[in-house]
Amino acid sequence: CVLQKLGSSGINAEYGIAGHIVVMLKGNKATVLTWLLGFTVVSLAAGLTMAKGSLTGGWVPINKNLWTVSFVAVTSASAYFLLALIYVLVDWKNIWCGAPFKSAGKNPLFLYVGSYILYNYFPFNWSTDDSHGMLLLQSSVGTAAWLLVGYYLDKKKKYYKI
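Quick note on numbering: the sequence shown equals residues 11 to 172 in this note's numbering.
No lab work stands behind these hints: they were computed from the structure. There may be inaccurate statements among the hints.
Claimed, not checked - Have a look at the derived ranges for each label pair, beta carbon to beta carbon:
#1 Pro110 - Thr66: 16 to 26 Å
#2 Gly48 - Thr138: 40 to 50 Å
#3 Tyr162 - Asn73: 20 to 30 Å
#4 Tyr162 - Trp69: 24 to 34 Å
#5 Ile105 - Phe132: 15 to 25 Å
#6 Cys107 - Asn38: 33 to 43 Å
#7 Thr44 - Gly124: 31 to 41 Å
#8 Pro71 - Pro118: 17 to 27 Å
#9 Ile172 - Trp69: 43 to 53 Å
#10 Val151 - His30: 30 to 40 Å
#11 Phe132 - Val51: 37 to 47 Å
#12 Thr41 - Tyr129: 36 to 46 Å
Said to hold, decoys possible - Calculated cross-link-like contacts (lysine-lysine; reagent style PhoX-like; alpha-carbon spacing at most 25 Å):
#13 Lys116 - Lys103
#14 Lys116 - Lys165
#15 Lys116 - Lys167
#16 Lys103 - Lys36
#17 Lys112 - Lys74
#18 Lys62 - Lys74
#19 Lys74 - Lys116
#20 Lys39 - Lys103
Model, not experiment: these values are computed from the prediction. All C-beta atoms in this analysis are idealised placements derived from N, C-alpha and C, irrespective of residue type, glycine included.
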């Protein structure tokens, strides 16, 4: 169990290093992309090797409920890949400016506290069956509503901080 936690912590620390690389090497875009894709490949290979390429088998099965080290490695690989993709779109190709997340990022505490307080109210939550499709719809609508709140506050130049 201790070994499991150390492995998961190490992979999470690796993700912090990946973010640090993006910030520190921003002038050298090819190097940043190489590092991010390298982290993707290494994490995916490590996770799949530990699980022997299987979801339920292998030395360390990919199990979300237990947060096994193989689960953390495989999901970290997808996070590295997503970071690399966003890096290319925003910083390299200038195709996307980061909207609507930029506006929401200017009032993170307001949105966090608001989502905690208003979690049980419409449009953030409503009675539904527990099917994956309905829960996904509910979560998507709630997230979109909070993004709109962040956009509105940004347009009104209202920023709440501690």
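Going down the list of hints, with the structure as the test:
Between Pro110 and Thr66 the beta carbons are some 38 Å apart, a value that contradicts the proposed interval 16 to 26 Å. Under the hint 40 to 50 Å, the C-beta atoms of Gly48 and Thr138, about 42 Å apart, fit the expected range. In this structure, Tyr162 and Asn73 break the distance hint of 20 to 30 Å, their C-beta atoms being roughly 41 Å apart. Separated by about 50 Å at the C-beta atoms, Tyr162 and Trp69 break the suggested range of 24 to 34 Å.
About 35 Å separates the C-beta atoms of Ile105 and Phe132, a value inconsistent with the hinted range of 15 to 25 Å. At about 22 Å, the CB distance of Cys107 to Asn38 disagrees with the hint of 33 to 43 Å. A hinted range of 31 to 41 Å holds for the C-beta pair Thr44 and Gly124, which are about 40 Å apart. Taken as a hint, the range 17 to 27 Å is violated for the pair Pro71 and Pro118, whose Cβ atoms sit roughly 35 Å apart.
For Ile172 and Trp69, the hinted distance range of 43 to 53 Å is satisfied, since their beta carbons lie about 45 Å from each other. For Val151 and His30, the Cβ-Cβ distance of about 35 Å falls inside the hinted range of 30 to 40 Å, so the restraint holds. The hinted range of 37 to 47 Å is satisfied by Phe132 and Val51, whose Cβ atoms lie roughly 44 Å apart. Checking the proposed 36 to 46 Å range against Thr41 and Tyr129 shows it holds: the Cβ atoms sit about 42 Å from each other.
In summary, the hint linking Lys116 to Lys103 is supported, as the alpha carbons are separated by about 24 Å, within the 25 Å threshold. Pair hint Lys116 plus Lys165 holds up; C-alpha atoms about 11 Å apart against a cutoff of 25 Å. Pair hint Lys116 plus Lys167 holds up; C-alpha atoms about 10 Å apart against a cutoff of 25 Å. As the CA atoms of Lys103 and Lys36 are separated by approximately 13 Å, the hinted pair is consistent with the 25 Å bound.
With a CA separation close to 30 Å, the supplied pair Lys112 and Lys74 exceeds the 25 Å bound. Among the hinted pairs, Lys62 with Lys74 is consistent with the structure: their alpha-carbon atoms are about 16 Å apart, no more than 25 Å. Using a Cα cut-off of 25 Å, the hinted pair Lys74 and Lys116 is violated, with the two alpha carbons roughly 32 Å apart. In summary, the hint linking Lys39 to Lys103 is supported, as the alpha carbons are separated by about 11 Å, within the 25 Å threshold.
Checked against the numbered hints above, the structure violates hints 1, 3, 4, 5, 6, 8, 17, 19; every other hint is satisfied.
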